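**Q** From first to last, the protein sequence lines are chains A, B and C.
Residue 36 in our numbering is what sits at position 36 of the first sequence, and the numbering runs on without skipping anything.
Residue 84 in our numbering is what sits at position 84 of the second sequence, and the numbering runs on without skipping anything.
Residue 86 in our numbering is what sits at position 86 of the third sequence, and the numbering runs on without skipping anything.
Rather than coming from a laboratory, the hints here were simulated on the basis of the structure.
Just so we're clear, the structure is a prediction, and the values are computed from it rather than from any experiment.
Hints may contain errors.
[To be verified] Using C-beta positions, here's what the derived DEER-type ranges look like:
| # | chain 1 | residue 1 | chain 2 | residue 2 | range |
| --- | --- | --- | --- | --- | --- |
| 1 | A | Asp61 | C | His149 | 27 to 33 Å |
| 2 | A | Glu197 | C | Glu273 | 35 to 41 Å |
| 3 | A | Ile245 | C | Leu161 | 53 to 59 Å |
| 4 | C | Gly241 | A | Ile245 | 15 to 21 Å |
| 5 | C | Gly140 | B | His26 | 46 to 52 Å |
| 6 | A | Val203 | C | Pro95 | 33 to 39 Å |
| 7 | C | His243 | A | Gly365 | 31 to 37 Å |
| 8 | C | Asp22 | B | Glu97 | 35 to 41 Å |
| 9 | B | His26 | C | Tyr158 | 56 to 62 Å |
| 10 | B | Glu97 | C | Ile238 | 42 to 48 Å |
| 11 | C | Pro25 | A | Asp238 | 17 to 23 Å |
[Unchecked claim] If we take Cβ atoms under 7 Å as the criterion, some of the chain C residues that face chain B in the derived model are:
| # | residue |
| --- | --- |
| 12 | Gly31 |
| 13 | Gly223 |
| 14 | Val271 |
[To be verified] With the C-beta cut set under 7 Å, the calculated list includes, among others, these residues of chain A facing chain C:
| # | residue |
| --- | --- |
| 15 | Ala64 |
| 16 | Val230 |
| 17 | Ala351 |
| 18 | Val355 |
Note that the Cβ used here is the ideal one computed from N, Cα and C, for glycine as well.
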Amino acid sequence: MSNAVLTGTHFMLGDHACAEGAIAAGCRFFAGYPITPATEIAERMARRLPQLGGVYIQMEDELASMAAILGASCGGMKTMTATSGPGLSLMLENIGLGIMLEIPCVVVNVQRGAPSTGLPTLVGQGDVMQARWGSHGDYEIIALAPSSVQEMFDFTVLAFNLAERYRTPVILLADEAVGHLTERVVIPPPEEIELWERPRPTVPPEEYLPYATDESLIPPMALAGEGYFVHMTGLTHDERGYPIINGEAHERLVRRLLEKIRKHAPEIIRYEEVLMDDAEVAVVSYGITARSALRAVREARRQGIRAGLLRLITVWPFPEDQIRELSRQVELFVVAEINQGQIRREVERAAAGQVPVAGVHKLGGTLITPDEILEALWVRKP
Amino acid sequence: MAANTFSGNGSFPFWREPLDAQQIPHLSTSITIFPDLCKGCGYCVEFCPAQVLATSDRLNAKGYHPPEVVKPEACTGCQFCMRVCPEYAIIVEKKLEVPT
Amino acid sequence: MGTQTVTPQAVQHPYTRYLRTDRLPHIWCPGCGIGIAMGAFLAAVDELGIPQEKVAVVSGIGCTGRVAGYVKFDSYHTTHGRPIPFATGLKIARPEMTVVVFSGDGDLVSIGGNHLIHAARRNIDLTVICVNNFNYGMTGGQMGPTTPHRARTTTTPYGNLEFPFNLPYLVAAAGAVYVARWTVLHVFHLRESIKEALQRRGFSFIEVVSPCPVGFGRPNKIGEGLEEMRFYREHALIQNGLHPKDAALSFRDRIVVGKFVDEARPSFLQVLEDHFRNASRDPSHREG
Ligand code: SF4
Ligand code: SF4
Ligand code: SF4
Numbered sequence: 001m002s003n004a005v006l007t008g009t010h011f012m013l014g015d016h017a018c019a020e021g022a023i024a025a026g027c028r029f030f031a032g033y034p035i036t037p038a039t040e041i042a043e044r045m046a047r048r049l050p051q052l053g054g055v056y057i058q059m060e061d062e063l064a065s066m067a068a069i070l071g072a073s074c075g076g077m078k079t080m081t082a083t084s085g086p087g088l089s090l091m092l093e094n095i096g097l098g099i100m101l102e103i104p105c106v107v108v109n110v111q112r113g114a115p116s117t118g119l120p121t122l123v124g125q126g127d128v129m130q131a132r133w134g135s136h137g138d139y140e141i142i143a144l145a146p147s148s149v150q151e152m153f154d155f156t157v158l159a160f161n162l163a164e165r166y167r168t169p170v171i172l173l174a175d176e177a178v179g180h181l182t183e184r185v186v187i188p189p190p191e192e193i194e195l196w197e198r199p200r201p202t203v204p205p206e207e208y209l210p211y212a213t214d215e216s217l218i219p220p221m222a223l224a225g226e227g228y229f230v231h232m233t234g235l236t237h238d239e240r241g242y243p244i245i246n247g248e249a250h251e252r253l254v255r256r257l258l259e260k261i262r263k264h265a266p267e268i269i270r271y272e273e274v275l276m277d278d279a280e281v282a283v284v285s286y287g288i289t290a291r292s293a294l295r296a297v298r299e300a301r302r303q304g305i306r307a308g309l310l311r312l313i314t315v316w317p318f319p320e321d322q323i324r325e326l327s328r329q330v331e332l333f334v335v336a337e338i339n340q341g342q343i344r345r346e347v348e349r350a351a352a353g354q355v356p357v358a359g360v361h362k363l364g365g366t367l368i369t370p371d372e373i374l375e376a377l378w379v380r381k382p
Numbered sequence: 001m002a003a004n005t006f007s008g009n010g011s012f013p014f015w016r017e018p019l020d021a022q023q024i025p026h027l028s029t030s031i032t033i034f035p036d037l038c039k040g041c042g043y044c045v046e047f048c049p050a051q052v053l054a055t056s057d058r059l060n061a062k063g064y065h066p067p068e069v070v071k072p073e074a075c076t077g078c079q080f081c082m083r084v085c086p087e088y089a090i091i092v093e094k095k096l097e098v099p100t
Numbered sequence: 001m002g003t004q005t006v007t008p009q010a011v012q013h014p015y016t017r018y019l020r021t022d023r024l025p026h027i028w029c030p031g032c033g034i035g036i037a038m039g040a041f042l043a044a045v046d047e048l049g050i051p052q053e054k055v056a057v058v059s060g061i062g063c064t065g066r067v068a069g070y071v072k073f074d075s076y077h078t079t080h081g082r083p084i085p086f087a088t089g090l091k092i093a094r095p096e097m098t099v100v101v102f103s104g105d106g107d108l109v110s111i112g113g114n115h116l117i118h119a120a121r122r123n124i125d126l127t128v129i130c131v132n133n134f135n136y137g138m139t140g141g142q143m144g145p146t147t148p149h150r151a152r153t154t155t156t157p158y159g160n161l162e163f164p165f166n167l168p169y170l171v172a173a174a175g176a177v178y179v180a181r182w183t184v185l186h187v188f189h190l191r192e193s194i195k196e197a198l199q200r201r202g203f204s205f206i207e208v209v210s211p212c213p214v215g216f217g218r219p220n221k222i223g224e225g226l227e228e229m230r231f232y233r234e235h236a237l238i239q240n241g242l243h244p245k246d247a248a249l250s251f252r253d254r255i256v257v258g259k260f261v262d263e264a265r266p267s268f269l270q271v272l273e274d275h276f277r278n279a280s281r282d283p284s285h286r287e288g
């Protein structure tokens, strides 16, 4: 489609850049339910998708939205939904199904102040652990945290690529500030956008086992309508996809689902380091707060503190090896996030008492300023 | 086919066999029961319109009494037993028999 | 004529090619009607000649939810209450496929009730086969949205204080273009009705009243499946064309069955096709 990728330089809303990223990644199905501050993604998709032969459907709630994108993905489409915390609470039911059935799809959560209805129009980063553990049971998830409008575009493309390659739902863990920010975004020409597709069966239907894998642990996915007579169930299942209710089968399946992500974590995990080479203090941050953190680190350097920034791109899987590595180098971690320490606890866990971990936290509604982080660097500097 | 059973359950005593009965094509049915699939609900026996089936005395592998065919000649080939069996344990085949 | 002694390989049940035979026998109780309803659906697909790879079945959770695990189509056993939205996505992605939601009354009408009425409202091209056994069978016979007033279940030990849905009235009011109800005893009517529903564009709904000796028959002194079926034989009244508001089930006197709604209205996918044409003419789209 000629206008699928809006190549060029734009002054664009973060939520709109997310929608354009999805379209550029080949998303042609969006099911959603309006919710501040993610509604602009739905609106953009509603306008854009029909021109590209795609479908926007507004569902009756987020439960349905999530179920619909799973169904459409089983039919072979690249699919997405977008919501905020209250909606994610509902979607988590079927995110669990998506993980169990290994259905690629992208869920955008533009975080706002929470809990409950909280602060619909104001920023928050309090859904980090909800994204990690919100659905019942043990599972691994991939979640990406964009810090700019450019990354709303880039990381949405990346989210689709990871979802397809690893056959899993991927969460784009944005926040209200990035979603509602308008700034420059450069959309590359389509040929420069790398796209990954889900693995597909190479054997005829008679030989196909829907959940048999090679050492990649990622099973090839047959689509509906191809004659493979796929059966998928949220029950614990064997390689044929048939339910099997016992501990050994459960161990085999869930272990593989966990290992599928863990094994590939080195390829999945992404972070950015700024001025870390000689840093004595590492600021760890992500999303909109990472911008304040960057400013604080630069200012600290001017003031003589050897600070550096570790900006998480994949919040999940969490780069704990890198934190462990850094704890041999730095004297202090300072984690800045608009919640009460959801990632700080992860840093503490990875640093394992080697290095003190401080936090700059807010509850939501306002951003963390560079000064607030800087203050923490001064106060805590050993 | 015997004249007195042509009406199905044989309850219509004044039926006479047409003189050309042996020359015209007629329906032939065959009932196959897979007794080990049966869970003994009794639907086939109860709702066969021609009382072709009865509950047998024998027990199947699961401990149920499967049906048996007691009046094969009465079968109309309606296939109700086949469609109402929740276990798909009965097959009724129909074929048109053309006399040679 | 008569019983033939044939080896199992020699005769094949007409449903066999549509079943995952390696998963049989199914888990349903003796006398459960779900197997009959599933068979009627398989017969309908067979008689319509729909290619097997062009049929998808989506189920939710519960006894009827297990249907997806037995049929040899692309089949999806999803979460409780969500088969309709899952199927909605699947149908939009694969409009050439016949997508059928096969689930129970608790799944579709209680936890999934909102999805049911909205799917009917948007007239999405799905056929929903809802097996109504008047209770939650899988969990051992609790009260559900279709349990008759005063009926006994494990969670209504003094009788159901609430009142059940009249399902045909509900889905007809919400916009379904085809609405019918049969009991599993009406297995031929049911098959024909499913055939009709599969050929309609838009949202079609068939309620299948089914015996559940364990969860409903015994506690309510109707008895085993056979007694429940006899009850249908004695109390069922075929009333095609009856206004759905008059189709409430009464468990003491009559069970009205029949085809209540059969009308044409543009389906979601039909409207969507127009939408594509209009959108591609919209000059304002480039920058959104
Ligand atoms: S085919 Fe009809 S008549 Fe024959 S045994 Fe079955 S139910 Fe009875
Ligand atoms: S209907 Fe089927 S399961 Fe029931 S008694 Fe007859 S053969 Fe057995
Ligand atoms: S509990 Fe009821 S609905 Fe469930 S399998 Fe048994 S008879 Fe059927």
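**Q** The structure should be examined with respect to each hint, and the outcome stated for every one.
**A** Now the hints, each set against the structure:
In this structure the hint that Asp61/A and His149/C lie 27 to 33 Å apart at CB holds, the actual value being about 29 Å. Checking the proposed 35 to 41 Å range against Glu197/A and Glu273/C shows it is violated: the Cβ atoms sit about 27 Å from each other. One distance hint, 53 to 59 Å for the beta-carbon pair Ile245/A and Leu161/C, is violated here, with the actual separation near 35 Å. Between Gly241/C and Ile245/A, the C-beta spacing of about 46 Å breaks the proposed range 15 to 21 Å.
The given range of 46 to 52 Å is respected by Gly140/C and His26/B, whose C-beta atoms sit roughly 51 Å from each other. Our hint of 33 to 39 Å for Val203/A and Pro95/C is violated, since their Cβ atoms are close to 27 Å apart. At roughly 54 Å, the beta carbons of His243/C and Gly365/A sit outside the given window of 31 to 37 Å. Look at Asp22/C against Glu97/B: about 36 Å separates their beta carbons, and that is inside 35 to 41 Å.
Checked against the given bound of 56 to 62 Å, the beta carbons of His26/B and Tyr158/C, roughly 59 Å apart, stay inside it. A C-beta distance of roughly 34 Å is found between Glu97/B and Ile238/C, which places it outside the suggested range of 42 to 48 Å. At about 18 Å, the CB distance of Pro25/C to Asp238/A agrees with the hint of 17 to 23 Å. About 4 Å separates the beta-carbon of Gly31/C from the nearest beta-carbon of chain B, less than 7 Å, and the hint is met.
Here the hint on Gly223/C is broken, as its CB sits about 11 Å from the closest CB of chain B, past 7 Å. At its closest, the beta carbon of Val271/C sits 37 Å from a beta carbon of chain B; the interface hint therefore is violated under the 7 Å criterion. The interface hint given for Ala64/A is met, as the beta carbon of that residue sits about 4 Å from the closest beta carbon of chain C, less than 7 Å. Proximity of Val230/A to chain C holds as hinted, the smallest CB-CB distance being about 5 Å (cut-off 7 Å).
Restraint check, Ala351/A versus chain C: the minimum CB separation of about 38 Å is more than 7 Å; hint violated. Contact between Val355/A and chain C, as hinted, is not supported at the beta carbon level, the nearest pair being about 43 Å apart and thus beyond 7 Å.
Violated hints for the displayed structure, listed by number in ascending order: 2, 3, 4, 6, 7, 10, 13, 14, 17 and 18.
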